[in-house]
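Protein chains: 2
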Amino acid sequence: MTERLYIYDTTLRDGQQTQGVQFSTPEKHRIAAMLDELGVDYIEGGWPGANPTDSDFFNEAPKTRARFTAFGMTKRAGRSAENDDVLAEVMNAGTKHVCLVGKTHDFHVETALGIGLEENVENIRASIAYVVAQGREALFDAEHFFDGYKANPAYALTCLKAAHDAGARWGVLCDTNGGTLPHEVYQITKAVIDAGIAGDRIGIHTHNDTENAVACSLAAIDAGARQVQGTLNGLGERCGNANLTTLIPTLLLKEPYASQFETGVSLETLARLTTVSRKLDDILNRVPMRQAAYVGASAFAHKAGLHASAILKDPSTYEHIVPESVGNARIIPMSNQAGQSNLRKRLEDAGIKVKKDDPALGLILDQIKAREAEGYTYDSAQASFELLARRALGQMPEFFEVKRYRVSIERRKNKYNQTVSLSEAVVVLKVDGEKRLSVSESMDETGSDRGPVNALAKALAKDLGRYGEVIADMRLVDFKVRITQGGTEAVTRVIIDSEDAEGRRWSTVGVSANIVDASFDALLDAINWKLLQST
Amino acid sequence: MTERLYIYDTTLRDGQQTQGVQFSTPEKHRIAAMLDELGVDYIEGGWPGANPTDSDFFNEAPKTRARFTAFGMTKRAGRSAENDDVLAEVMNAGTKHVCLVGKTHDFHVETALGIGLEENVENIRASIAYVVAQGREALFDAEHFFDGYKANPAYALTCLKAAHDAGARWGVLCDTNGGTLPHEVYQITKAVIDAGIAGDRIGIHTHNDTENAVACSLAAIDAGARQVQGTLNGLGERCGNANLTTLIPTLLLKEPYASQFETGVSLETLARLTTVSRKLDDILNRVPMRQAAYVGASAFAHKAGLHASAILKDPSTYEHIVPESVGNARIIPMSNQAGQSNLRKRLEDAGIKVKKDDPALGLILDQIKAREAEGYTYDSAQASFELLARRALGQMPEFFEVKRYRVSIERRKNKYNQTVSLSEAVVVLKVDGEKRLSVSESMDETGSDRGPVNALAKALAKDLGRYGEVIADMRLVDFKVRITQGGTEAVTRVIIDSEDAEGRRWSTVGVSANIVDASFDALLDAINWKLLQST
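Protein chains in written order, with the UniProt record's numbering: chain A, 1 to 535; chain B, 1 to 535.
Since the hints were made in silico from the structure, they are not lab data. Some clues are possibly wrong.
Repeated chains share a single entry, so a pair holds when one copy, or any two copies, can fit it.
Unchecked claim - In silico lysine-lysine, DSSO-like type, Cα no more than 27 Å apart, as pairs:
#1 Lys190 to Lys254
#2 Lys458 to Lys413
#3 Lys430 to Lys254
#4 Lys403 to Lys415
#5 Lys96 to Lys161
#6 Lys415 to Lys430
#7 Lys413 to Lys462
#8 Lys303 to Lys150
#9 Lys435 to Lys279
#10 Lys430 to Lys403
#11 Lys415 to Lys345
#12 Lys356 to Lys415
#13 Lys161 to Lys150
#14 Lys413 to Lys403
#15 Lys355 to Lys303
#16 Lys435 to Lys415
#17 Lys254 to Lys313
Please take these sequences and the hints and turn them into a complete structure.
Right, dumping it as structure tokens:
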């Protein structure tokens, strides 16, 4: 018999405490829909009344299969729950589920709230009783529970008991400051359960300040907690909350959890996890973390030569789960440690079939080695790698030829003594046997100078004949430059990430002592790769 | 009585398996020096013979206080340890400490190696015995130990015992695929120690595929392991290795570890941890992870209103450690209370004394805030920060004025159909009231094009009048470019590292949508800072 384990998502509330994150109301709707599709059990939408975005969001609350929950705090001292205006706004949101945070650490009651210990217990009791009396499901977030338990176990338990006795469905043990280690979380959660206050109606809410938020969550579940709180991609105050993007696959795929529990997320929706994670980054305009567990672009990338060759014999040799189970994919990057078998696999993944003993394999490897010695890197520049391979295999059409280009950059003071700068690029191409001259400058619609690479890109794209339409939806999204060693001299390596309207994203590399020249080469590769997709 | 716990760093070996990371030999030297200053006990430098970079690095091995270690693998079947050329290259590196990886999982012996189980045990024994016979300290990395133990505990233990019986100082239990959970690591490590093979001469090496690498390391230490392996910033294959940047402060600051253990890192060097972490990102041109435990820019940022107001009453209300203990700092958005004292400290460090209530402090903070909104960063660009502060304080002489510049970049085919490129820069300056025009091109002595920034730097330096001599020994040593957000638009941020003959090294920053313009500004700051040192 499996037991029910509840997954409680607080991306829309605690996740919003991430430095630099500020959701808009429409973004909250998109994220709630994603979470609901994934199958989490609770979605905490925010704190009605705390800010205009949250209030707007609850005014047009999404219809979810998941239990949609409003967050707030227990009533303040010196007034009844019915007369607390902060609590009133939370209740007025009308959600069936309400989670209230309250203090359980004596030091905080006295220092931060400045009220008596008994008074705080009464605030918890009265607030939860009020929520329950209104016909809602009540959850109690026991703030600083672990620090509180270490300082004064009897008081921490008294607070938790007050909430449960008042009818709380869940008492959630929060490690608010994130400093508690997994073995302590296990011991304290076990002590709470052994105290018999609330059976297994205990939840866990951890933070990642010692990089142990996931481990602490698992430790609490091991001790008997049956609700786990966290956020997508580990968003949250300071170092973030427990990362549900990691916890969910661990609970669904790994023992003893996989056999022991059932949650709202199924193996079928789990296969969308990588997409969900990337979409959230997309909404927030954050660069996805390559090294993220399960869903990162590097999570199943095998760079070490010994690993890569064993993977080809049997993927389970160096993979703890099947990448597809979380919607991710295996990558065998090229680097100077890789060999022929590695290369064939990578070519196959790119849709390029090469026979086992094809001499082109040796040729490609030699070219990669030579280029890497010049400062190129093909680890991340997958699109440039594909172009190199196709050229070596004679499978690369020449869409156009660059005859020459010239860029000039100027900075001077204008007659108002303001510093102004401008770049101008001239590109001479041959397309379908016809010579074409294009010129562009770096000024954008607002009159700002966007620089020489921008001018070059525009001049290049301006007159590509019949290819112009194909590349019209291309967009440069990232541009990374570093000085590296090319033979005996320092050279500049440029990596350009491009995107198109179909959601493709590809990386290309250029190397030269001249930064504009290196950028130009990476741009050319980016355009050629895009053209290749349309042939 | 405290026990000795050994910290083993593998940033330079396993860290190099990070997708997109490729250290150069000089970078390896810089990182080794940083690690040695921090005080780790072992520095694994790489695999001599595996690639040219590692071979070069061991040929000029750094002199470290830490045990400098070469990595390799146990001898292959069908030859003696003395006649294995791969092992020979490792031994020829001449390090006093040698770590060899070998298989301990029966499935891998048979599938990946394709040899008999007995033969593999003999390979381990003979290899370790050979290392010991050569007078070196031997470490044995037991690859896939946890998976191996789960499948065939007797065989895994036999392999480990063979290494210890042959004289290995350490047997390191590796969770190579990163899929083992903390409770399993505890149980299996405990079983190994209870088996009495090697006392506590057991190490732990984990990966972050379930975000549990730190917790698994702690679990193994709880069970009795006394060496812990990891990397700075959690670099490493796939999702990375156990993050030493997190483990070190946890072991030094948190109980029971702080009272129980002594390591090579002291509380004094711990205070440099944030700097070490940022420097590594800087070398790799990676964006530092804001949410990183202990050292992230957000690790002590208190965004929630309730948290921030409590923090002002008593920081321990929402902080699990004192930020300064790891060289980090508290951030309270909306309050530059903390900002001003931080700023004074940083100015003092730069030799600029400002009184406590000087209104210039507020002015400098405002300017930094405004510039950061434009895309500047003063975290690493210390020299530009000093110039900004001195300008605000009226302590900055105007050495010269730039009237205008122009750069042209050209690429074309010459009469031999070779692609050639060239840049030319014209700079107009006013020095000591006198107008000076200089022109330079980007060709170096060997006839190679060094690019527009080089041409500009040469033109700038060419005719600085009486300052020419002062900057003659300046050299641009690194150049990093990143696209970042400046207000509502993407801009280019350039950071230039310069060096002079006296061994000074300084960093300056420039921001513009135009990469050449941003570089020019960073160059100007670099020259001005250098001139300031000589006044």
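query = In ascending order, which of the hints set out earlier in this document are inconsistent with the structure?
reply = When the structure is compared with the hints, numbers 3, 9, 11 and 12 turn out to be violated.
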